[in-house]
Amino acid sequence: MRKSTLLCAASLAAVLASPVAAQELTIGVSAEPSALDPHYHNLGPNNAMRRHIFESLILQDEKQRLQPGLATSWRPLDDTTWEFKLREGVKFHDGSPFTAKDVVYTVCRIPTVENSPSSFTVYTKAIADMQIKDPYTLIIKTDTPYPLLAVEVSTWGVLSAMANGVTGDIGFSRDGCTGTGDYPKTEAFNNGDAAIGTGMYTFAEYTRGDRIVFERNENYWGDKADWAKVTFRPITSDGPRVAALLAGDVDMIDKPPLQDLDRIKSEGFQVAQGLSNRVIYLHLDHEGEPSPGVTGTDKNPFKDVRVRKAVSMAINREAIVARIMGGVAVPAGELLPPGMFGSTPGAAAEEYNPEAAKKLLAEAGYPNGFGLTIGSPNDRYINDAQVAQAVAQMLARVGIQTQVDAVTASTFFKRRNQYEFSLYLAGWGSGTGEMSSPLRALVATPNKEKGMGGTNRGRYSNTDLDSTIEMALATVDDDKREKILQQASGIAMADYAILPLHFEVTPWAFRKGITYVPRTDQYTLALGIKPAN
Amino acid sequence: MTDAARPTGVLTETEVLRPGRWRATPAARFAAEFVESPIAVVALTVTLLLALLAVFANWITPQNPYDLMQLDIMNGMQPPGGTTLDGETTFLLGTDEQGRDMLSAIVFGLRMSLGVGAMSTVIALSIGMSIGVLAAYFGGRVDSVIMRVVDLQLSFPAILVALILLAALGKGVDKVIIALIIVQWAYYARTVRGTALVERRKEYIEAASCLALSHSRIVFRHLLPNCLPPLIVVATVQVANAIALEATLSFLGVGVPITEPSLGLLIANGYDYMLSGKYWISFFPGVALLVTIVAINLVGDQLRDVLNPRLRR
Amino acid sequence: MLVYLLRRLGQSLFVVAAMAVLVFIGVYAIGNPIDIMISPDADQAEMEAAIARLGLDKPLWEQFFVFVGNALQGDLGRSFVYSADALGLILSKLPATMELALLALVFAVFIGVPLGMIAGLRPDSLAGKTIMTGSIMGFSLPNFWQGMMLILLFAVIFKVLPSGGRGDTVDVFGIPFSFLTLDGLSHMLLPAINLALFKTSLVIRLARAGTREAALQDYVKFARAKGISPRRIVLVHIAKNIMIPVVTILGLELGSMIAFAVVTETVFAWPGMGKLLIDSIQLLDRPVVVAYLMLTVLMFILINFIVDMLYCVLDPRVRLSEAKA
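Chains as they are written, first to last, in my numbering: chain A, 159 to 691; chain B, 356 to 668; chain C, 489 to 813.
When the alpha-carbon atoms are kept at most 27 angstroms apart in a straight line, the in silico DSS-like pairs for lysine-lysine are as follows:
hint, chain 1, residue 1, chain 2, residue 2
1, C, Lys-546, A, Lys-283
2, C, Lys-581, A, Lys-413
3, B, Lys-633, A, Lys-413
For the record, the hints were derived by calculation from the structure and aren't laboratory data. All values derive from a computational prediction rather than experimental measurement.
Produce the complete structure using the sequences and hints provided.
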């Protein structure tokens, strides 16, 4: 009797369990993080994945605007001193309380990660000193006025000092902290031992190449997660990823290939797409004489602004977006999409005008054009090699006989960095979400000490632009900085320092019954996936 | 061949070294045996036709797909039978995303594939043949060192060797040819050495040595020509293999540049579009590639049967 | 015998050493891994720091000696990308590749041998000729295109089989296998067929040649004279004899099959060693590429060494001639 009641109850529970099963979510992702250690590898897939477990003082929303996270507020006390008020009552997954000491511990650990292929020190090196005023008030000092501090603080996740065995005080120093003990190794995060954050989800399972599983953090300080269990499955090949969605093996996939969007929609699935922070651009050789990829002339034609303008006018950006990108992109007139910090309202893409381009070329002394080889990666950006070929086609029409040298990304970057291309296609995603990121990297005069022009492989140099960018980077007041950035962007565009082509639009595809708000940082976060009502 | 004017019993070099069976117009007999198989005749015809297509690609295709001036992305992704916007040009086999007429692209791709295959085979053949015949003629240490290298090379799958070579060398038609030569020469070296070892012991070589001919003359005038039959068979099969290998390498993204696609690269381009039902971009080049390789292999198969004395009835 | 064995061993070791140098230099000549792996936000100072962390700032010869030193202790380096043991990473992908290769091998034997025997017994019949022409097709089909067409046919048009991936797996002794689940098997079917087709043609040819030869042998004639049924002659006496070369060749071919899995795994997104190799080449994860190649080198050299040893044991002529040389 007793037994049968139990059985009944069990079967009833099984029936009731089905809505619970619906609280499980499986996501097919195109790229796998290289580790779950939040400070091991500063790269998109890692940064997206760590957000489920580890939170930052400041969060970035879908449009990369800053929102309170583990810090409830922050403000500059003077040009080089910032005060962060921390959230009270937050607990790590192991129950230890969150205080300012954990933040100091985190900043101490970041430079010590072994074998890191791309370190987060780029986002902590501005921190000159940290002081714990009280457990929920943190003072951060910088050497010089540093407006990007808040953005940079939003890029790294906070570890628990207590969970990693720190009991005493931590003495902060840039050259190595005291009192921190041994830091956890990257492996400890991958097997879950050290995967203890404050995030909405807790670590459940990680099998490299197969799955990463999170479970709902029932003690989360904010709104609880919508899903009891979330599984990320890396499916790097496009076709199988789409097939997995269509077969119902996963609820959602990121980066469905553009050419498959129609098919996905026609089979009853939904597609959400939104502008990303990534611009696809052409960079020109501003220095080589003669330039390596140019034939038919001894001069470097790209030193003449008329030629640069002609190239820009010869390109039919609308056609590229419509035919090569399947309409899933937006023609660009700047290096950052409209609406993001520092972009100029109403900045329009260059008008397509092949006749005017030919005229400009003739004026510049190239009535019959010249020969040119464009460099491009063929596996890095959406349809990159196809876009490069389309550009070549359009340049051929105004008399520039163009070849495309499209190679795998690794080879492309090596050759680009050795200045082997006169004109190359590449992309830039703005991690900080503001105009200073592309300007500083792509068009500022290369200068290792100042950290400027790191990806300016066209070696563009304009002192006027440099000083404007530097001024922006030293202006803590947001409104003023935005104005200066718009001005700097205007200088670069007017001189055709670099030719923006289009902004990538990121698509996500998912089954009916859930919604996702597209993110400019292209991250696929379970945090943002909601059941549709 | 009787010559009354000459005293009997004295033979010229030619007569000593070219045994009697070759006097009965070998070409004619060879041809007669070859045409015994109708499949082989069809295959030979197809091969020759494809070669002609490739040679005259510039004159017979509606479009030069390597000339960017003739492409327009506005004509991209037309299905077979689609037309340009003004309706004037029809694309029999459709277009790819660049507006490249697939029919023209296939003919030019065929030229690239056949060219790369033939070129690499000829060079690899010359190199492999010389090395192999030297190994056989001199024997001893030279032979054992060369054959160790050959064995070593052949023990590795060609695809892996070529993949790594090209990853290091970079892209380009010339580099693909170099990689194909490096993976192929050993086949010829081994084949030639095997035959040459047998031929070397035959009387005509001993006779040549007795006539005190120079090493190089014996090797290149007498030894080598008699090693040719098996070599021809291997070479035919290897052309087909080289074409297939080049296609595979281009598919894996380490082959020819995208602006001068071979058949393999055309197929690779179409891979992205296949699941969305735009089959024509990869399907037709694949058919062309298949027909080419099958035809050459069938010819090679028949050649083997005809030239192999063991199977001669 | 012992002298020969030692000399052969010495040669093999020399080859391994030579290949290590070639592979290392070849792979380390490609690209600059930092450019791929580093965050675009990084400035030159951070780039240099990352290069130093991975040891790429040292001269090539120094990197090589570090590699050799570690390799002698069985450590083939750490993956740049995953910061994990390169050899372990590859071995973790080995089961996926092995089960695919073995299933393909099974297909090749069970399809190839019967067809080859038919072609051998009736070389001039329509069936025999069709099989032989078909085997040429099998040789000629470009592996990747044939794979794509299989996907097009069975996954896109008929929608009966999945287009790629590995499907559900079951752990046996902690190793995941696909062939034990229905879903896993359905994922394996297309890639295994794709991998098998080329080898099937090879088996057909071997079986045909073996059958033709065996049919003329005295023991078959004798069996026939004794009145044994033709069925039994074929199934027992001939089949037994042609299996020896077939099995030998296939054993040797298993290595090349694993190598050729690179193409099939790429087309079907099968998460095996070949896919790892291609991914690692693209990401310039040099330690993984080098480890993969060295592993392949060792495997092939081992196979060759064993074969040579067996010949030496079985065939005294080899022993004599080698001992003299």
